[in-house]
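Peer 1: Read off the chains here:
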Amino acid sequence: MAKITMREAISQALMEEMDRDPKVFIMGEEVGVWGGTYAVTKGFYDKYGAARVKDTPIAENAIIGGAIGAAMVGQRPIAELMTINFGFSAMDYIVNQASKLHYMFGGQFTLPMVIRAVGGGGRQLGATHSQTPDAIFAHFPGLKVVSPGTPEDAKGLLKSAIRSNDPILFIEHATMYQVRGEVPEGEYTIPIGKSKVQRAGKDVTIVTYCKGLELSMKAAEELSKEGIEVEVVDLRTLRPLDMEPVIESFKKTNRAVVVEEGWKSYGVGSEIASRIYEEAFDYVDAPIIRVAQKEVPLPYNRTLEQAALPQVADITAAVKEVLK
Amino acid sequence: MKKEQQLDLYYQMVLIRRLEERGAELYQAGKIGGFMHLYIGQEAVSTGLIAAREDRDRVITAYRDHGVALNCGISANEVMAELLGKATGMSKGKGGSMHMADTSRNMWGGHAIVGGHLPIASGFAIGDQYAGNDNITICMFGDGATNIGYFHEALNISKIWNLRVLWVCENNQYGMGTAVDRASAVTEIRQKAEGYGMKNGQVDGMDVTKVYEAAVEAMKFVRESSQPYLLEIDTYRFRGHSMGDPERYRKAEEVKKWQENDPIGIFNKQLLDKKIATKKALDEIEARVEEEVAKAVEFAEASPEPAMEELFTDIYAD
Ligand SMILES: Cc1ncc(C[n+]2csc(CCOP(=O)(O)OP(=O)(O)O)c2C)c(N)n1
Ligand SMILES: [Mg+2]
Numbered sequence: 007m008a009k010i011t012m013r014e015a016i017s018q019a020l021m022e023e024m025d026r027d028p029k030v031f032i033m034g035e036e037v038g039v040w041g042g043t044y045a046v047t048k049g050f051y052d053k054y055g056a057a058r059v060k061d062t063p064i065a066e067n068a069i070i071g072g073a074i075g076a077a078m079v080g081q082r083p084i085a086e087l088m089t090i091n092f093g094f095s096a097m098d099y100i101v102n103q104a105s106k107l108h109y110m111f112g113g114q115f116t117l118p119m120v121i122r123a124v125g126g127g128g129r130q131l132g133a134t135h136s137q138t139p140d141a142i143f144a145h146f147p148g149l150k151v152v153s154p155g156t157p158e159d160a161k162g163l164l165k166s167a168i169r170s171n172d173p174i175l176f177i178e179h180a181t182m183y184q185v186r187g188e189v190p191e192g193e194y195t196i197p198i199g200k201s202k203v204q205r206a207g208k209d210v211t212i213v214t215y216c217k218g219l220e221l222s223m224k225a226a227e228e229l230s231k232e233g234i235e236v237e238v239v240d241l242r243t244l245r246p247l248d249m250e251p252v253i254e255s256f257k258k259t260n261r262a263v264v265v266e267e268g269w270k271s272y273g274v275g276s277e278i279a280s281r282i283y284e285e286a287f288d289y290v291d292a293p294i295i296r297v298a299q300k301e302v303p304l305p306y307n308r309t310l311e312q313a314a315l316p317q318v319a320d321i322t323a324a325v326k327e328v329l330k
Numbered sequence: 084m085k086k087e088q089q090l091d092l093y094y095q096m097v098l099i100r101r102l103e104e105r106g107a108e109l110y111q112a113g114k115i116g117g118f119m120h121l122y123i124g125q126e127a128v129s130t131g132l133i134a135a136r137e138d139r140d141r142v143i144t145a146y147r148d149h150g151v152a153l154n155c156g157i158s159a160n161e162v163m164a165e166l167l168g169k170a171t172g173m174s175k176g177k178g179g180s181m182h183m184a185d186t187s188r189n190m191w192g193g194h195a196i197v198g199g200h201l202p203i204a205s206g207f208a209i210g211d212q213y214a215g216n217d218n219i220t221i222c223m224f225g226d227g228a229t230n231i232g233y234f235h236e237a238l239n240i241s242k243i244w245n246l247r248v249l250w251v252c253e254n255n256q257y258g259m260g261t262a263v264d265r266a267s268a269v270t271e272i273r274q275k276a277e278g279y280g281m282k283n284g285q286v287d288g289m290d291v292t293k294v295y296e297a298a299v300e301a302m303k304f305v306r307e308s309s310q311p312y313l314l315e316i317d318t319y320r321f322r323g324h325s326m327g328d329p330e331r332y333r334k335a336e337e338v339k340k341w342q343e344n345d346p347i348g349i350f351n352k353q354l355l356d357k358k359i360a361t362k363k364a365l366d367e368i369e370a371r372v373e374e375e376v377a378k379a380v381e382f383a384e385a386s387p388e389p390a391m392e393e394l395f396t397d398i399y400a401d
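Sequence order for the protein chains is A and B. Under the numbering used here, the residue at position 76 of the first sequence is numbered 82, and the numbers go up by one with no gaps. Under the numbering used here, the residue at position 255 of the second sequence is numbered 338, and the numbers go up by one with no gaps.
Looking at chain B on its own, in the form it has when it is part of the complex (with noise of 0.2 Å):
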């Protein structure tokens, strides 16, 4: 990676960290309801994984998708906006913190039923076989999401058919209040692609630098190989499952030492040791987030609610 990269994925991750802790207390302070899921802790995962990806391919998640949307180059003022409800939300506040996308930048959405995506993203890529182009699907989901039957249909059907996606599981140790031994029969969840015959790979999600280089390496296989490849993914989720998770399943101590762990924190000393970046070079991109984020909250606040027509509209096309 170029130094310029780096610094833009030292950005983003910032970004993402920021634009979320904001996101929180204009959850608490009423301003944003429903259910909310934090990235925070996992920004690396998205951060590395997106920056691998071509412009042509498309990017499908679950709920937690703030992150993936402001990786994929929504702007932090549409994020705010969707959160807050309000008609410049790329979904026009129809959607909410669950139901990001936009597909101009092949940002196929946030998806709320766990597991339910995978089989369209398998779709995304029989369309694009279909259409006679090498465009991936890279689809992400969480370690819950791989113990439904959604995941196992899509994996099979994407071997068979030779589909160009990557199934990249986001493993953040939980499904809700749920340790992954607990509810999957291999703790390992790159050993069910085995099952499938389908080339797996696991690397650190708390290392962008490594996600990275495990996603140009995974794309490069799907592409030129016409076939899917799962990537495990490694990371932990700092938050709660959703807003006001009162979190009984996990003890302080676990939390702890993961966040001592901190993506953010990693790469920065990364950026710094190796000389890549001074001090001040990552003080002013924190200092150009923070007045981003500021004023994607300013932005999203004085923006108009939907209209109440919108209530009838999208409803169908024709």
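With the rest of the complex left out, here is chain A (with noise of 0.2 Å):
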């Protein structure tokens, strides 16, 4: 195993794909001269040339629209969204069309592409930039997103998703591209659509995925130490919701909480305490707690931002209250 982080795994996972597969190519905003705004696609360029990694204008219609066109005839995009939030300059492309079209001229055609896209709140970037509209785009059904919070599970999923004849929004965090964590040594790919224990336990269920990984794991470390055990079920990916290990889990431990960085109202962690009192009413022991972003657009300043994040501490907090 090798120790990498996730930038070097998102990388990676393209090279490989691009190296094995002349139809994959990258279109988008810098992701060529510059290297990609998060310097994932670096070197990129000089490697594979213009053809393969297209620098486009400040255009997201043309972009997602292009990405479209080029998977129904063929073709293998991946199309790189500077980040999630200017996904709704090309909303009608991502839910209305690559979402629906397969389905509605029946079957007809594929769209094997993918929509890399960077989310995240916590870098001061304001209520525009800052946003974690997972949940959204979940909504739709013929879009698959996934959203990793492990540089090998980033690796190994981007690598199925960018084989996967299926649209796929592939989210990544804008504060997580440092994150460090062991990948498989070789060639490997991770199914999309299925979630994952990243730590085990007995007590408490915490859900969650991406950011909230990374958060989850450290409460998870904090809350052992005063010897709660939590276990941390990843989702990885939030449509298809692979429910499983989840209800698997919760039947164990009686007792969840979901964290997630979006906002709480309609969102992913809505969705899973619904599933979780759906499918497993009997072995509900105390309310779902959700953890989530303060119903507010995210602010400049610091403090306040901070304040409005999902944090730590709101973590074990909850997972404490659902013991009670």
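Read the hints as simulated data drawn from the structure, not as lab findings. Glycine included, C-beta positions come from ideal geometry on N, C-alpha and C. There may be inaccurate statements among the hints.
[Unchecked claim] To give an idea of the chain B side of the interface with chain A (calculated C-beta under 10 Å), a few residues:
(1) Thr229
(2) Arg265
(3) Asp328
Starting from two chains that each stand alone, build the complex the way the hints lay out.
Peer 2: Below, the structure is given as structure tokens:
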């Protein structure tokens, strides 16, 4: 096992798939000469050239719409949204076209495309540039939404996404590119649509993903010192949602906290909590608690922004609350 | 332009430069966070442009907005306080560098979604037309913003509805690291107005006098004819796109060449050559600015953080 950063993991996945399949190409803002705003595609332009690493104009509709068209005629484009917030500028293409064309035309063609998007708050970028709108995108059948929390998962899931014949939104977190983790040597993929227990425990189930995983693992560590053993289930894919490991864990612990960075209302936590109530009602020992972002647009000021974002302390408090 | 006005423009340009230089230091020191896009090199653009407006004319721009804010009369104190995220900033520390606005001065904001504010600018003009006044909306944006759909939708509607919008493209040759000719089908942005049958012009953005004169003329046209106009102003940013830009996409010689065309240096020389000001007078302006910026930093640092309750204010009006 090699220990690498999230950035390296994503970069390796892209490179390995580009080397494997000439149909794979990248298009997006500043992916080429600049090397990617988050330096994920650094060196790609020199290695693969302008035809496979396409610097686009600032034109999100042309980027996502263009990827859809190229995918429909048989290529495997990876479209990059510099941040997921700019996905709103291309909302129609993502949720109204990519997610529906295969179905609406009776499966005549496929859309083997990946939209890589950087999301998340915590960098003082202000309200329009700091969002975690994952749940919105996960609302739409026909689109798959993947959002990994470890380098190992990022690499394996991205490789699967590139090989998949469906449109996949792959959401990375802006503050996690330096996160380090062990990654298997050599070639591997991880199936899309499989949740995973990232930490075993018996007292409370935490269900989370992406940035929430980082926070939850820290919370679990702290709680462990106090004798509370938390089981952390990482969704990894928001749609299709794999509830099996969640339900299995819940049947053991009978208590759950759901942790997400996005807003609580109509969010991932709402979905998970209701699925637990529906599928394991007889096992519920305490109301499920959702830890999420305060219901405000994120402010620039650092103290206020941090107060709005879910923190490790919010998770530990929630775990203690469900144990009461 | 009268002598006093010229000296005032000089003062404004130097103020933008010095305030941002201090801002860059404070950013490096970790006192300013987020994205900060410096206007250094482009000072003549908004200074000349906004000098030509009436107070009732509205100004809206992108995230590269510190200069525009100062030109609109927002104090250095407030700009610096907003950069530091303090309660005394004009957006109460909630907006930061990219979101400076003071509607009492008809500065309707820095906006961070590229091109996103252009249809809103059309909307200002729709509102003013509906109200029956002849206010102008001055909408500034970058070269990169002319490749997104928002630009085209906004220009088209402004033409068919006879809206009083002065569209101002600050062509600083790059959208982030992408040179204009790599992103835009035409490299003269003004040509895009032709497609909408819109009157247009182009001016050297390193010469504040030329910018001012072009702006006066364009605004006269917009006000009197009730027609939009697109003014392309050619300029260059001397610093990176935002703080921490590795600048791999342009050569040092190119930057150096443009820096020799420093808009402040050019204006300084004009004022001396035409004997509009003495060196002493210009030095005094420099000294006044230094003091004003130092005071602004002091003010901002001494200002309180926004109260925690502020997190939940301004979400809704009702
Ligand atoms: C819709 C959207 N896409 C991408 C971005 C990221 N972005 C911010 S500034 C910028 C470059 C804009 O260039 P230009 O319009 O020329 O303005 P300049 O920065 O040169 O002043 C990009 C791509 C954004 N803010 N909004
Ligand atoms: Mg530009």
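Peer 1: Each of the hints needs a verdict: does it hold here or not?
Peer 2: The hints, checked one at a time:
no.: 1; hint: Thr229; in the structure: 9 Å, holds
no.: 2; hint: Arg265; in the structure: 6 Å, holds
no.: 3; hint: Asp328; in the structure: 9 Å, holds
The structure is consistent with each of the numbered hints, conforming to all of them.
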